[in-house]
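Asker: What follows is the residue order along each chain.
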Amino acid sequence: MDEKVAHKLRVLADAAKYDASCASSGAPKRSAGKDGIGSTNKIGICHSYTPDGRCVSLLKILLTNYCLFDCAYCINRRSSNVDRARFSVKEVVDLTIAFYKRNYIEGLFLSSGIIRSPDYTMEQLVLVAKTLRQERGYRGHIHLNTIPEASPWLIKQAGLGDEQLSVNLELATEEGLKSYAPEKKAPTIRAAMGQMQERIAEAKEERRSFSPAGQSTQLIVGADAASDEDVLRTSAGLYSSYGLRRVYYSAFSPIPDTTAAVPAKSPPLQRENRLYQADWLLRHYGFAVDEIASASVGGMLDLDIDPKLAWALKNRARFPVDVNVGEREMLLRVPGLGARAVEKIVSARRHTRLRLDDIKRLSGSVKRALPFMITADHHPGSSIDRTDLRARLVPPAEQLSLFG
Amino acid sequence: MRRVTLKPGADLDGFRRAVRALAAAGVAPEEVAWTSEGDDLFGDAVPADLPAEAPPLSLPRELGQTIAEVVPHSDPERYGLLYGVIWRVTHGERAALQVASDPIVHRLDQMRKAVRRDIHKMHAYVRFRKVEGASPERFVAWFEPEHFILEVAAPFFEERFRSMLWTIVTPIGSVAWDGSRMSFGPPGTKRDAPGVDGFEAGWTDYYESTFNPARANPKLMRQHMAKKYWHNMPEAAAIPRLVRSASSRVEAMLDREASVPNKRAPEGALAAMLDQAPASLEELNAIIRSAGPLVPGATQAVVGEGPEGAGIAFVGEQPGDEEDLMGRPFVGPAGRLVDGALGEAGIERRDVYLTNAVKHFKFEQRGKRRIHSKPTAGEVSHYRWWLMRELDLVRPKLVVALGGTAVLALTGKSIPITRARGPAELLDGRRGFITVHPSYLLRLPDEKAKRSAYEAFVGDLVRVRELGGAGALAA
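Going down the list, the sequences are from chains A and B. When we follow this note's numbering, the leftmost residue of the first sequence carries the number 26, and every step to the right adds one. When we follow this note's numbering, the leftmost residue of the second sequence carries the number 3, and every step to the right adds one.
Bear in mind the hints are in silico, worked out from the structure with no lab data behind them. Glycine included, each C-beta is placed from N, C-alpha and C at the ideal position. The reader is advised that the hints may include incorrect statements.
Coverage of chain B stretches by chain A, computed from C-beta distances (three or more under 8 Å per stretch; other residues unrestricted) [what the hints assert, rightly or not]:
id, segment
1, 120-129
2, 241-250
Over 12 Å on every C-beta distance to chain A, these chain B residues come out as not near it, computed from the model [claimed, not checked]:
id, residue
3, W89
4, G187
5, R193
6, I373
7, L395
8, K399
9, I419
Work out the full structure, taking the sequences as your base and the hints as a guide.
Answerer: Right, here's the structure in full:
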């Protein structure tokens with residue numbers, strides 16, 4: 026590989042790594058044409074994992090890290106003194122194909138600092154996608170991080186080659202956006218999301234494909250004063266009003282060449298983890314934001330226990346649940362029983378009476394479930410009412426530090 | 003005790019034949035010993051004293067799937083366990099698989115998951131290396147799967163790398179794609195693949211750069227990517243160093259004081275950037291011309307024609323065959339009809355603005371002819387943003403919608419022309435007038451009907467001139 030390109034790759038991959046989303050899943054099944062390469066499946070593939078435990082699925086780079094914007098939390102803000110580089114369209118295309126052919130990646134995740142104008146930048150992103158699709162016969166994954174300020178017709182163009190689109194909202198509240206990203210405007214970003222949603226719905230009606238994998242966004246946690254409850258409300262709003270497929274949470278991470286405007290320390294990674302768990306409860310377990318918030322302290326999720334356990338401890342009167350007769354909706358709320366375990370329980374109990382050993386085979390964390398469920402040979406008795414129940418269920422005090 | 007000898011690896015066929023024979027003869031699971039040391043000759047899958055051919059068993063679909071997924075597992079007990087469950091299902095426990103908590107069902111489920119995971123990891127962790135100097139280019143990979151999954155995992159690579167020549171070598175067999183056929187061959191060794199690849203250094207660079215030291219969590223990484231895979235993944239060589247240096251990198255970052263920006267804030271550039279909407283018809287048209295058609299095929303975009311400030315703007319459907327080639331609106335047969343009708347109504351073509359709702363020709367190729375095909379509602383709304391900017395810049399007093407597509411573009415609704423013909427209110431409060439599309443007149447078969455429809459059209463144009471045209475005539 027050419028050393029000049031290798032240098033750009035280092036700079037521009039480094040600059041892109043703070044974007045948490047890297048999903049290659051959700052696209053419809055598609056395979057390579059006779060003279061082409063590339064396929065997509067419903068479930069994405071992680072081709073590697075970095076020592077932060079994160080999946081490497083897409084070649085995640087910026088087209089350039091030169092930027093006119095000055096967002097305080099961003100390493101690429103115009104006033105930062107980092108190394109700058111810029112790929113040509115051809116370099117990105119060649120690199121994507123070379124990596125793809127060696128089975129290093131599922132596809133390309135392309136984003137960019139804003140140079141010259143939002144429209145110009147967006148055009149360059151679209152050009153990369155077009156070249157890959159039309160000139161190289163490439164049918165793998167392409168994810169474009171759209172520039173919210175770009176003109177509507179460009180955003181429309183971007184979604185037409187079945188690319189996945191996203192817009193980063195970055196900060197959950199409008200105040201946060203105002204003070205840390207002075208040039209970014211929440212209404213602009215929301216408008217871009219609204220437009221994409223409209224296009225996706227329209228394309229579905231006409232059986233055309235427009236961003237078939239849906240859209241996603243990322244919220245940065247811990248850079249401003251937004252509480253977990255604020256963040257979750259924003260997410261719930263995004264899921265319902267814009268039909269978002271995923272919201273990613275990214276614990277604000279200290280960056281090289283920081284400014285005095287943001288905290289120098291990062292929030293505990295556990296906070297991000299708890300937000301993902303709560304998000305999961307919203308989407309797959311039938312929880313409402315209010316229910317999750319009711320088990321929080323001042324709008325912040327309990328860092329020591331997961332939000333489902335926190336809710337169960339606040340609502341002990343609704344437990345224990347009998348796994349052999351209890352309603353599915355209530356089984357889903359038993360700490361330690363996941364959605365898949367519940368499906369299996371509901372299916373198995375039609376043919377047999379479930380005992381504790383049975384549940385142990387179906388759930389990996391049956392210890393947490395014990396005080397909250399009844400099986401053919403187990404009844405928690407009064408242990409559900411013990412005042413020290415929380416303390417007994419908190420995992421041993423292992424400080425989850427940055428290097429945990 | 004009966005002995006069943008299957009081929010080494012995943013012998014699904016042999017297992018099926020043996021199960022049929024055993025079930026037909028009513029042999030209970032505890033009377034069968036399963037081994038897989040047979041050679042490649044078939045026939046000994048079925049014990050010698052049983053008939054070689056037996057009728058197929060009817061099993062629940064889910065069980066059939068479990069069998070196919072568990073057979074590639076490397077556990078020598080797999081065949082016996084499977085036959086045990088088949089026996090239970092055919093002897094009164096039809097729903098045995100539904101009881102996921104049953105110890106054997108649970109164990110089979112674990113095996114099934116292990117096989118799936120192995121297949122998934124093979125799809126993820128195979129690393130192709132380019133064969134130096136080979137022409138056409140060829141790629142070879144070495145991979146060590148845990149179970150006998152080569153045949154089930156291979157179609158994925160065919161689907162993905164169809165235009166590429168590749169071979170995957172493993173200790174349990176190899177598979178090659180020659181551009182049109184996939185073929186399975188004997189096992190090989192690591193030395194069958196090239197020792198290096200020119201892109202591995204770049205890939206490792208990428209891997210290192212995308213790692214965020216502030217989030218180091220090697221335990222989590224090992225959960226996802228077990229160490230046993232590392233020695234065949236070029237990027238894994240960097241892991242120990244990345245983990246070791248992570249904490250010092252973060253500390254160095256935190257110790258550094260907030261930096262003072264050394265660049266001036268480009269306020270001027272920013273302001274210019276935020277104000278990027280096209281300011282003139284010329285700028286807008288340049289954007290339209292540079293954007294590709296929504297439906298591929300058109301030669302070029304056909305933009306509107308006429309003076310800015312024209313009193314009347316006519317909006318048609320989309321350019322036709324001749325318009326597409328010449329790049330001008332209303333120059334084909336329908337355009338010539340419009341020219342004539344405008345003249346009879348006392349309107350000068352050069353005083354009005356003519357454009358289309360959709361800016362690209364969409365057609366079906368039939369032999370040598372390109373047959374016009376109607377734009378969909380989605381396409382119309384895609385182009386609406388441009389049409390609205392265009393009308394904002396021309397500022398006509400009256401906008402004439404010619405035909406159904408123009409009505410849809412200008413009102414957002416599809417309304418039958420016969421009912422809406424005449425003055426109308428359009429989107430954004432524009433004053434409008436609805437009439438037929440000239441090509442409708444050309445399509446009428448009967449000469450008499452054509453004549454009277456043409457006169458009605460000219461009549462409409464006269465009203466159009468009166469409603470919005472005074473300015474146009476004076477101009």
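Asker: Against this structure, judge whether each hint is valid.
Answerer: Going down the list of hints, with the structure as the test:
no.	hint	verdict
1	120-129	holds (count 6)
2	241-250	holds (count 5)
3	W89	holds, 17 Å
4	G187	holds, 20 Å
5	R193	holds, 19 Å
6	I373	holds, 20 Å
7	L395	holds, 15 Å
8	K399	holds, 27 Å
9	I419	holds, 23 Å
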